[in-house]
Amino acid sequence: MTETRQLVHRVIIRATIQQVWDALTTQGQVLPHFFGSVMHTTGLKPGAQLRMRTPNGKYTGVVGEILECNPPYRFSHTFRFTNLNDPPCKVTYELKEVEGGVEFTLISDAVPCGTKTEGQMAQGGNFITSVLKSVVETGRPSFGYRLLLLMIRIFPSPAACKSENWPLDKPV
Amino acid sequence: MDAVFDALSHQARRKILDIVQTMPGCSVADVVKYFDDISRIAVMKHVDVLVAAELLISSKIGRRRELFFNAVPIQMIYDRWTTEYSRFWASRALDLKYMIEQQNQKTQKADP
Numbered sequence: 001m002t003e004t005r006q007l008v009h010r011v012i013i014r015a016t017i018q019q020v021w022d023a024l025t026t027q028g029q030v031l032p033h034f035f036g037s038v039m040h041t042t043g044l045k046p047g048a049q050l051r052m053r054t055p056n057g058k059y060t061g062v063v064g065e066i067l068e069c070n071p072p073y074r075f076s077h078t079f080r081f082t083n084l085n086d087p088p089c090k091v092t093y094e095l096k097e098v099e100g101g102v103e104f105t106l107i108s109d110a111v112p113c114g115t116k117t118e119g120q121m122a123q124g125g126n127f128i129t130s131v132l133k134s135v136v137e138t139g140r141p142s143f144g145y146r147l148l149l150l151m152i153r154i155f156p157s158p159a160a161c162k163s164e165n166w167p168l169d170k171p172v
Numbered sequence: 173m174d175a176v177f178d179a180l181s182h183q184a185r186r187k188i189l190d191i192v193q194t195m196p197g198c199s200v201a202d203v204v205k206y207f208d209d210i211s212r213i214a215v216m217k218h219v220d221v222l223v224a225a226e227l228l229i230s231s232k233i234g235r236r237r238e239l240f241f242n243a244v245p246i247q248m249i250y251d252r253w254t255t256e257y258s259r260f261w262a263s264r265a266l267d268l269k270y271m272i273e274q275q276n277q278k279t280q281k282a283d284p
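Chains A and B, in that order, give the protein sequences. Taking this note's numbering, the leading residue of the first sequence gets 1, the next gets one more, and so forth. Taking this note's numbering, the leading residue of the second sequence gets 173, the next gets one more, and so forth.
Excised from the complex, chain B in its bound form (with noise of 0.2 Å):
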């Protein structure tokens, strides 16, 4: 579990799990047109964090490598700390903060 803490402690690894995430089997060279502040290189090393921690699996096809995001890792994460009882009511805290802070963005675009 350290593997995988550690790979989501870094902003760039967390954007590259939400591209990956939207795009399943894309390739590095996808995933680096996202980022116009770090390296090819850098991003490389950023996704081979995240393959260690199983985060992402990479398989091969022929010369190209695509990548998937595996949501494994983060489920038993959550599986460790929530109950059925504690899922139920930190969901509806969760809709709740979400409901209210879209309003607030709506009332700010109404009268800016």
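Here chain A stands alone, though its shape is the one from the complex (with noise of 0.2 Å):
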């Protein structure tokens, strides 16, 4: 059996719980933190299948079944690269109350000892946490992550990231 470890990134978002519940979770838009990444899901409930597709739907980065979605205090769902062939892991999203805004912590479940999917969750994590902060509170990324996302975008995809291979109705 793999080795597993679990990462987790904390940050303090000065908003409204449910302004960052909405950024995390609304479908069917660019998601800056999500990398530019657009979330397509069967519906945010326990057994939902979840993609995250480029804007024009042609490309699927990343796929999961959500396991708990408990507005807006909880969303956790199976996490896969389609471009890497390492086993699923777990990411959960805690939002919580706190003085001067909202607690934001992801915590990265099950993540495979010494794979890429180790370093990207490492890396991403960062990414998604800090990204999230600045689109919630001043409605974009900061200046370094827009010219980064614009980049992310003109990169090709390999083919096994088709978003045809990567159906809503064929559960991962």
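To be clear, the hints were calculated from the coordinates, so they are not data collected in a lab.
What the simulated footprint calls covered on chain B by chain A, stretch by stretch (three residues with Cβ under 8 Å from a Cβ of chain A suffice, anywhere in the stretch; the number is not a length): (1) 234–243; (2) 246–254.
Below 27 Å or equal to it, Euclidean Cα-Cα: the simulated BS3-like pairs (lysine-lysine) are: (3) A:Lys90 to B:Lys232; (4) A:Lys116 to B:Lys269; (5) B:Lys232 to A:Lys96; (6) A:Lys116 to A:Lys162; (7) A:Lys58 to A:Lys170; (8) B:Lys187 to A:Lys116; (9) A:Lys58 to A:Lys116; (10) B:Lys217 to A:Lys96; (11) A:Lys45 to A:Lys162.
Glycine included, every Cβ here is placed at the ideal spot set by N, Cα and C.
Two chains, each in its own frame: build the complex with the hints.
Here it is in structure tokens:
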């Protein structure tokens, strides 16, 4: 069995809990905090399928199944990169009202050690947390990330990421 | 941000971050094992400073307290002073530094 680990990213966001929840769970709209992807689901409920697709819908970067959805406090789903052959891990977003805003925690569980997935979850966790904070607080990502997001869009995606391989009605 | 810099200003606390980063979910007792020069109480105090600065996240699972490294405060420092442009050249400059220093180390080993 592969050894796994848990990674945690946390930040305080100066906003209401509902604002953070909405930014996190919006569908059919580009999510800057999720690398400019659009979230598609078969419903925000346990057992529903989840796909993170490019804005034109052609490519799917991340697939998963929703495990828990308790608005506006907790959202959890399995998580697998379509371009990697690593086993799925689990991500949980926890929102908690604290003085001065919302404590946002991203927990990545069962991350397989020493894999590309591990590197991407560590880096990606920083990205998601930082960008979500600036989007909710200021309406857009900070300058450096806006450039990065433009660059991601130009990058070609491998054939394994084609959305026809990852239909919503076929559970992962 | 003051809390983050204060927390990072102590060598023992930076070492604690190194330890927790390589062993996510470890306990304070696990961390203590890496120190023979300071007491358990002192390590616990350092951990508290790191938790207050959000560089460490402490989560209670039953009676056990698990520690996780949180990179986000450091990412925020990075974001504040770097742009896409400076990020590129700073990392090139660092690559060069690491490469040359590594070569020097190899030569030193070969020729003691």
